[in-house]
Amino acid sequence: ETGVTQSPTHLIKTRGQQVTLRCSSQSGHNTVSWYQQALGQGPQFIFQYYREEENGRGNFPPRFSGLQFPNYSSELNVNALELDDSALYLCASSTQQGSGYEQYFGPGTRLTVT
Amino acid sequence: AQKVTQAQTEISVVEKEDVTLDCVYETRDTTYYLFWYKQPPSGELVFLIRRNSFDEQNEISGRYSWNFQKSTSSFNFTITASQVVDSAVYFCALSEAPGNQFYFGTGTSLTVIP
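Protein chains in written order, with my numbering: chain A, 54 to 167; chain B, 1128 to 1241.
It is worth saying that the hints were derived from the structure and are not from the lab.
Because the structure is a prediction, the values reported are computed rather than measured.
Hints are supplied without guarantee of correctness; some may be wrong.
Quick list of in silico lysine to aspartate or glutamate cross-link-like pairs, DMTMM-like style, CA-CA up to 25 Å [claimed, not checked]: (1) 66(A) / 138(A); (2) 1197(B) / 1142(B); (3) 1165(B) / 1182(B); (4) 1197(B) / 1145(B); (5) 1197(B) / 1171(B); (6) 1130(B) / 1183(B); (7) 1130(B) / 107(A); (8) 1143(B) / 1182(B); (9) 1130(B) / 105(A); (10) 1143(B) / 138(A); (11) 1130(B) / 1223(B); (12) 1143(B) / 1153(B); (13) 1165(B) / 138(A); (14) 66(A) / 1171(B); (15) 1130(B) / 1149(B).
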């Protein structure tokens, strides 16, 4: 196990609603990245947070937003949910120091939008 | 533009057979990092290996081996004497700087038949 936890495990929302997903990073890691993985696809980068600041963003609209807290845990918020937002959302933690280039992933939150 | 291609969508092998998963990447950077992850049905991405662009040594870890060839922009993964527990989706990923976003391929679904 990586020590990265995510909650909730599963979530069902209705189109137009808002959702918040949570991630606790591995001990000693100060960077959290979020990915969206649609069914049958590879994970797509949403954004990354480093020391509570956004540190890079993929090709996702502004209704995808995030936060990182002083303990390096993180939230992903999605407003005005669309059917295409149905996916597995993965959180990955890493460190910007030393040789910590690997990203360690949590188990994911499976979001279904109806 | 960065890109990772895993041309094999699905592979089935009989237990104890060897299998090679292909990965071809594109990047304009001279320094970059390549990764392989395993995604079992539970959904969590499990880190397998990182290879730096300046280190072309092949690596073996138990039944797993990786062949990195810069000349052909490939980073292939071989499982020797496959086992049923190897059944999963395998992703190849590229990062162009330590801690930066990962670009994932679309994955190869491996089924090992007992």
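We went through each hint and held it up to the structure:
no.: 1; hint: 66(A) / 138(A); verdict: 10 Å, holds
no.: 2; hint: 1197(B) / 1142(B); verdict: 31 Å, violated
no.: 3; hint: 1165(B) / 1182(B); verdict: 22 Å, holds
no.: 4; hint: 1197(B) / 1145(B); verdict: 24 Å, holds
no.: 5; hint: 1197(B) / 1171(B); verdict: 29 Å, violated
no.: 6; hint: 1130(B) / 1183(B); verdict: 20 Å, holds
no.: 7; hint: 1130(B) / 107(A); verdict: 23 Å, holds
no.: 8; hint: 1143(B) / 1182(B); verdict: 30 Å, violated
no.: 9; hint: 1130(B) / 105(A); verdict: 29 Å, violated
no.: 10; hint: 1143(B) / 138(A); verdict: 40 Å, violated
no.: 11; hint: 1130(B) / 1223(B); verdict: 11 Å, holds
no.: 12; hint: 1143(B) / 1153(B); verdict: 33 Å, violated
no.: 13; hint: 1165(B) / 138(A); verdict: 24 Å, holds
no.: 14; hint: 66(A) / 1171(B); verdict: 22 Å, holds
no.: 15; hint: 1130(B) / 1149(B); verdict: 14 Å, holds
The structure is inconsistent with the numbered hints 2, 5, 8, 9, 10 and 12, although it conforms to all the rest.
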